[in-house]
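Assemble the whole structure, with the sequences as input and the hints as a guide.
Protein chains in written order, with my numbering: chain A, 1 to 253; chain B, 254 to 613.
Note that these hints are calculated values from the structure, not bench results. Hints are supplied without guarantee of correctness; some may be wrong.
A few chain B residues that face chain A, going by a derived Cβ cut-off under 8 angstroms, partial list only [as the list claims (entries may be wrong)]:
1. Arg-370
2. Trp-493
3. Asn-496
4. Leu-499
5. Leu-500
6. Gly-501
7. His-504
8. Met-506
9. Ser-507
10. Val-508
11. Gly-509
12. Val-510
13. Asp-511
14. Gly-553
15. Glu-554
Backbone N, C-alpha and C define an ideal beta-carbon position, used for all residues, glycine too.
Given next are the chains, with one letter for each unit.
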Amino acid sequence: MRLRVEDVEVELNSRRILKGVTLEVRKGEIVALLGPNGSGKSTILRTIFGILKPVRGVIYLNGDVLNSTDVEDAAKIMGYLPQEHSETNLSVADVVLLGRTPYISINPEKEDYRIAWEALKLVGMEEFAERKFSELSGGEKQKVMLARIFCQETDFMLLDEPTAHLDIKSQIEVLEMIKRITERGKAALVAMHDINLALNFCDRVLMVKNGKIIHAGKPGEIISQETIRDVFGVKAEILKDNGRIFVVPVGIE
Amino acid sequence: MAQEFACCKKIGPFQLFTLKFINQLVFIFSKNHLMDCMLSKRPMFLMLGIGGIVSFVLSVSIGSSDVGLWELMKILSGDYGTNIESIFDYRLRRTILATLVGVSLSSSGCAMQSLFRNPLADPYILGVSSGASVGAAVAILTGHGTSPEIIAAAFISSLMAVYAVYSLGKKSTYFLLLAGIAMATFLSGVTSFLIYISGESLRQVLFWIMGGFWTANWTKVKVVLVTAVMGTAVMIFNSWKLNAILLGDEHAMSVGVDVKKLRRVIISTTAFLTAGAVSVSGVIGFVGIIIPHTARLVFGEDNRILIPASILLSAAFMPAVDVVARVSAPGEIPVGIITSLLGAPFFIYLLRRKRYEAQG
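Structure follows, in structure tokens:
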């Protein structure tokens, strides 16, 4: 099980926003996309899912070319979590059930309800099933969204800043859930802003700048004052403790 | 399924289609948990159903003539005079017409509001009503004032208006809404101009624009029956996908909904439904907003429940309003005026009540 993106270029309004992106995500891995705002993290995720069409380059799934011209097919292979969502008064159970949409002809059936319920239990939100989605806190909403992705039953997860706007505890809860799921033989590509969370939860880190991946590797191997300066334009101290790495920004270059 | 109905003799292809449609609906509802959801709201659905029946009976038995419920009983028992029969025939087609127009407007309003994630989206926002008005005005002013001619002209011109709006505003929702507003303004200018230069046939055009059911005939009923049944079927079949769009276009795509395709389907179905309704009854305002909104306040946002609830609610609401239009003044008040006069205050009442509830 392997997702490989090879030399992909994407244009938006005749401006090149991805310039030759190559990356690979393997079974059981969590891979982080780190980079400043507008560097192209979301664009990479959108392109892999098939919302944006590359002008050059190929995406391979298990060695086969992935022609994701159809979002209906893509949704059975990849669970994509966009960064923003609109408010809705749908119940939590209905929002989770939406993850079954690729398998539903007209309306969800009993089996879909069962799978959605399992997904809700997995994220520990079954007590909220009847609540309105709009009434939940940010952290609760994000867990419900993860449950929605889980019940899509896909091998790959593409998550666009799943920890944005969350308090520390919720951030860790959400990332641990993603970790639990990937350990069951799935893989996740996660766009993130919090460098330290990424370093401690992800197996590999891809550092994105100006539509290119400029550094890639295991957290311990690629994080240094130089790479942080390269990507974020920030001066940072790197602290190491028991094999854990912490980046502390101290000023602007 | 065809064999099941084949035993019924004298059944036309149209009735067969309707029966198949109902059968399909029952099949879908019984196959999944939707039935459970609906059963949990059973008292309210039951009330809507009873409301619809009461409203239907009222509408058939109340009118400006003295013929009432007692005479209706006589007709049903086979003891009646031809005069009475013709009165009931008229009231029956008028009631059916009102129901179907209400169903068309409310189900398309419901779908549009979900599609645009905006509770104020109106089925007329695509320029249907102004397009139909121009068509009807042209037909009346050029001396083609018979009912089928006006229906055809209004239907075709409203579809043309929607097509123009859609081609202009394909790019995004904002473009679409702006194109709709621009087109409506332009076309109502055209209509006003036509009325202005026309002189004496003005009253007929004006009455047509205000909307009403007093010209009900069986041709009109047939036209709107076709559009209403087919259109609402499409809306009901797409109700789950409309749920997906409530979270945002990109979320809908992420669960495999082809948003562009869905938008095309819903917009063209809305055009078809509202063109059917407007071409037989003129422009009846506010129904497409107030009915789905009332249903939304009571039944929530799930389109699987909301669309059927809106359909039932409009079936109860529209004939009742038409009764008011018939008896409130000597002669007749256009029903569009009544919907606005009754609808707006009721709507405000609902909103206020809801807000107080939310504040505890």
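Hint-by-hint comparison with the structure:
1. Residue-level restraint check for Arg-370 (chain B) holds (minimum Cβ-Cβ distance to chain A is 5 angstroms; threshold 8 angstroms).
2. The beta carbon of Trp-493 (chain B) comes within 5 angstroms of a beta carbon in chain A, closer than 8 angstroms, and the hint placing it at the interface holds.
3. Because the smallest distance between the Cβ of Asn-496 (chain B) and any Cβ of chain A comes to about 6 angstroms, under 8 angstroms, the interface hint for this residue holds.
4. Interface restraint check: Leu-499 (chain B) against chain A, minimum CB-CB distance 4 angstroms, threshold 8 angstroms, status holds.
5. Taking 8 angstroms as the C-beta contact cut-off toward chain A, the hint placing Leu-500 (chain B) at the interface holds, the least distance being around 5 angstroms.
6. Because the closest C-beta pair between Gly-501 (chain B) and chain A is about 4 angstroms apart, less than 8 angstroms, the hint holds.
7. At a threshold of 8 angstroms, the smallest CB-CB gap from His-504 (chain B) to chain A is about 6 angstroms, leaving the interface hint in force.
8. The criterion of a C-beta within 8 angstroms of any C-beta in chain A is met by Met-506 (chain B), whose closest approach is roughly 5 angstroms, and the hint holds.
9. The closest approach between the C-beta of Ser-507 (chain B) and any C-beta of chain A is roughly 4 angstroms, which is under the 8 angstroms cut-off, so the hint is satisfied.
10. Using the Cβ-Cβ criterion of 8 angstroms, the hint placing Val-508 (chain B) at the interface with chain A is satisfied: the shortest such distance is roughly 4 angstroms.
11. With a cut of 8 angstroms, the hint placing Gly-509 (chain B) at the interface with chain A holds, because the nearest CB-to-CB distance is about 3 angstroms.
12. For Val-510 (chain B), the suggested interface contact is upheld, since its CB lies about 6 angstroms from the closest CB of chain A, less than 8 angstroms.
13. For Asp-511 (chain B), the shortest C-beta to C-beta distance to chain A is roughly 6 angstroms, which falls under 8 angstroms, so the interface hint holds.
14. The criterion of a C-beta within 8 angstroms of any C-beta in chain A is met by Gly-553 (chain B), whose closest approach is roughly 6 angstroms, and the hint holds.
15. For Glu-554 (chain B), the interface hint holds, since its Cβ comes within 8 angstroms of a Cβ in chain A; the closest pair sits about 4 angstroms apart.
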